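A.B. asks: Chain B: place on chain A using the hints.
Protein chains: 2
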Amino acid sequence: MSEHLTRGVNCATLTPMDERGAACIDLLVVHCRWLIDAGCEGIVLLGTTGEANSFTVAERKAILDGTIEGGIPPQQLIVGTGCTAIGDTVELTKHARSRGVTRCLILPPFYYKNVSDAGVVAAYARAIDAVADPALRVYLYQIPQLTGVSLGPAVVAALRRAYPGTVAGIKDSSGDVAAITELCARFGAEIDVLAGSERYLLAALRAGASGCVTATANANAAQICTLYRKRDDADADALQAAVSVVRAAFEGYPMIAALKAFTARRTGDERWRNVLPPLVPLDGAKAAELLASVSQ
Amino acid sequence: MSEHLTRGVNCATLTPMDERGAACIDLLVVHCRWLIDAGCEGIVLLGTTGEANSFTVAERKAILDGTIEGGIPPQQLIVGTGCTAIGDTVELTKHARSRGVTRCLILPPFYYKNVSDAGVVAAYARAIDAVADPALRVYLYQIPQLTGVSLGPAVVAALRRAYPGTVAGIKDSSGDVAAITELCARFGAEIDVLAGSERYLLAALRAGASGCVTATANANAAQICTLYRKRDDADADALQAAVSVVRAAFEGYPMIAALKAFTARRTGDERWRNVLPPLVPLDGAKAAELLASVSQ
Numbered sequence: 001m002s003e004h005l006t007r008g009v010n011c012a013t014l015t016p017m018d019e020r021g022a023a024c025i026d027l028l029v030v031h032c033r034w035l036i037d038a039g040c041e042g043i044v045l046l047g048t049t050g051e052a053n054s055f056t057v058a059e060r061k062a063i064l065d066g067t068i069e070g071g072i073p074p075q076q077l078i079v080g081t082g083c084t085a086i087g088d089t090v091e092l093t094k095h096a097r098s099r100g101v102t103r104c105l106i107l108p109p110f111y112y113k114n115v116s117d118a119g120v121v122a123a124y125a126r127a128i129d130a131v132a133d134p135a136l137r138v139y140l141y142q143i144p145q146l147t148g149v150s151l152g153p154a155v156v157a158a159l160r161r162a163y164p165g166t167v168a169g170i171k172d173s174s175g176d177v178a179a180i181t182e183l184c185a186r187f188g189a190e191i192d193v194l195a196g197s198e199r200y201l202l203a204a205l206r207a208g209a210s211g212c213v214t215a216t217a218n219a220n221a222a223q224i225c226t227l228y229r230k231r232d233d234a235d236a237d238a239l240q241a242a243v244s245v246v247r248a249a250f251e252g253y254p255m256i257a258a259l260k261a262f263t264a265r266r267t268g269d270e271r272w273r274n275v276l277p278p279l280v281p282l283d284g285a286k287a288a289e290l291l292a293s294v295s296q
Numbered sequence: 001m002s003e004h005l006t007r008g009v010n011c012a013t014l015t016p017m018d019e020r021g022a023a024c025i026d027l028l029v030v031h032c033r034w035l036i037d038a039g040c041e042g043i044v045l046l047g048t049t050g051e052a053n054s055f056t057v058a059e060r061k062a063i064l065d066g067t068i069e070g071g072i073p074p075q076q077l078i079v080g081t082g083c084t085a086i087g088d089t090v091e092l093t094k095h096a097r098s099r100g101v102t103r104c105l106i107l108p109p110f111y112y113k114n115v116s117d118a119g120v121v122a123a124y125a126r127a128i129d130a131v132a133d134p135a136l137r138v139y140l141y142q143i144p145q146l147t148g149v150s151l152g153p154a155v156v157a158a159l160r161r162a163y164p165g166t167v168a169g170i171k172d173s174s175g176d177v178a179a180i181t182e183l184c185a186r187f188g189a190e191i192d193v194l195a196g197s198e199r200y201l202l203a204a205l206r207a208g209a210s211g212c213v214t215a216t217a218n219a220n221a222a223q224i225c226t227l228y229r230k231r232d233d234a235d236a237d238a239l240q241a242a243v244s245v246v247r248a249a250f251e252g253y254p255m256i257a258a259l260k261a262f263t264a265r266r267t268g269d270e271r272w273r274n275v276l277p278p279l280v281p282l283d284g285a286k287a288a289e290l291l292a293s294v295s296q
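Heads up: the protein sequence lines correspond to chains A and B, in order. FYI, our numbering numbers position 94 of the first sequence as 94, with every residue one higher than the one before it. FYI, our numbering numbers position 168 of the second sequence as 168, with every residue one higher than the one before it.
Chain A on its own, in the form it takes in the complex:
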């Protein structure tokens, strides 16, 4: 049985980079500190928001190394290590463990579509078996709108049965409140169910979720953390509504480019606007429109 390791608001951090796409570790460390200071309980490094799959394995290792060397405690990190090739997933997960990271957020292999539950379970099993580290805690990463692979309750149950000490949670970014409610009902007592957006944080917490992993915390960490802290207060629903307005503003734009445009403005560092193809930076007019809408 696993403990509940992950609670509260976890930010899926952006990865700043220069115009050639090389990660700017200096900016990343400062940003992670800012997120922790704003109240985030943890940082998801190299998730979808962090453009993880646009970096090579060597680059991903260097980003983690630099973040830890910059002073961000590995205990506060959840590291995305899931790739299309299980060999890469294993290498990145072992590397994270070697740096003191316990929690890895692992995508299922995402090139093939219409794969069977048995195939998805086999992929996770092969990775966990190859890492072979009892201290590893795996968070399943449900984001079918990008992977084309859905981790239904049958997959979670099979992996929990096979690896009860290792499979410690699931991040559900499907955006489906009914699905996360079902996950909480079936697994919430045993593992960390994490909402993939703060838009339904309160609903998820009331259903038994442990917290959330969210992209928008890159721009709105303090307000989201306040919502989490005041989740049992009388004004919680009003706070949720306010948080959701900001979320909706960002959802009107390509999210990663929009959050980077926001962060460039907040920090005054234009490097923050860079993204790796196939993403493109938010153009000037759209950035101005977004910044006006969220600063009201």
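In short, the hints are calculated from the structure, not lab data. If you're wondering where the values come from, they're calculated on a predicted model, not measured in any experiment. A couple of the hints might just be wrong.
Copies of the same chain look alike in the list, so a pair counts if it fits in one copy or across any two.
Stated by the list, open to error - Taking lysine to aspartate or glutamate pairs in the DMTMM-like style, the calculated list, with each CA pair at most 25 Å apart, reads:
{"no.": "1", "residue 1": "Lys94", "residue 2": "Glu19"}
{"no.": "2", "residue 1": "Lys113", "residue 2": "Glu289"}
{"no.": "3", "residue 1": "Lys286", "residue 2": "Asp26"}
{"no.": "4", "residue 1": "Lys94", "residue 2": "Asp18"}
{"no.": "5", "residue 1": "Lys113", "residue 2": "Asp176"}
{"no.": "6", "residue 1": "Lys94", "residue 2": "Glu59"}
{"no.": "7", "residue 1": "Lys61", "residue 2": "Glu190"}
{"no.": "8", "residue 1": "Lys113", "residue 2": "Asp37"}
{"no.": "9", "residue 1": "Lys61", "residue 2": "Asp18"}
C.D. replies: Showing chain B alone in chain A's frame:
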């Protein structure tokens, strides 16, 4: 301007592997020779059918090296080198060029969805610029049902304009005959338009396509090559119909596992049944049903 380098029937070869997922180069080389002897003009190594994205960069390099060392001429290969990380695409493409391979079939980055045409063009441009090799010939890989990214005529036109000597073709696996007909009309005189299935090979050839890249040639190479050779004969439509019946039989099953089950039976080597997760081998009953249907 590019020459028409690729014609006829090109097989997207399976990648045989042991039960741990390590590629069996010995089997692969024998299989490639069998395909060439059956009349295939070329072999696509490490495409979708070859489970390319389930292998690490190092494994992909070793598979190409072993295939060439086994005697398959690099001039007869088209190598899949497209990854989610442009850095990996660059590394694999440079490696293929270093081994004498001219033609690379390059997926767009396929993790993010709803990306812009400008982002897709930027991704290819960054890869081509980084490889910086005038002898490279890039085949764009249109397979939106797996990538979630569609390479429309505007993307092809933009890349042709920017890299007229390098962008030499497109493989269209969308299965949309209207789309390939449009590609042929707009680009067929300049670049190789390759049908992604022999199911519409004759229609594509009549529209101006140069040939096809097909998975089913792993099982049915000789018949498909006969169709190509007799494309102008009176019985071409009857041959197309016969070829399409075999294609349809395989399309009733998970294609890669089905082709591997067929090849295991044909060669008597059970290693051929292995696939990498998230794929699963065809179970015994389904394999027997398939084998009965295609041996009638």
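A.B. asks: The structure should be examined with respect to each hint, and the outcome stated for every one.
C.D. replies: Okay, the hints, checked on the actual structure:
1. With identical chains, the CA atoms of Lys94 and Glu19 are at most 25 Å apart between copies only, with a shortest distance of 22 Å across copies and 30 Å within one.
2. Taking the shortest Cα distances, Lys113 and Glu289 sit within 25 Å of each other only across copies (23 Å), while inside one copy they are farther apart (37 Å).
3. For a Cα distance limit of 25 Å, the shortest separation of Lys286 from Asp26 qualifies neither inside one copy, at 27 Å, nor across copies, at 55 Å.
4. In this assembly of identical chains, the alpha carbons of Lys94 and Asp18 lie at most 25 Å apart only when taken from different copies (23 Å versus 28 Å within one copy).
5. For a Cα distance limit of 25 Å, the shortest separation of Lys113 from Asp176 qualifies both inside one copy, at 20 Å, and across copies, at 18 Å.
6. Proximity of Lys94 and Glu59 under a CA criterion of 25 Å is satisfied in both settings, with 15 Å inside one chain copy and 18 Å between copies.
7. Taking identical chains as interchangeable, the C-alpha atoms of Lys61 and Glu190 are never at most 25 Å apart, the minima being 31 Å within one chain and 42 Å between chains.
8. In the homo-oligomer, the alpha carbons of Lys113 and Asp37 never lie at most 25 Å apart, since the shortest distance is 40 Å inside one protomer and 33 Å across protomers.
9. Taking the shortest alpha-carbon separations for Lys61 and Asp18, only the intra-copy value of 18 Å comes in at or below 25 Å, while the best inter-copy value is 29 Å.
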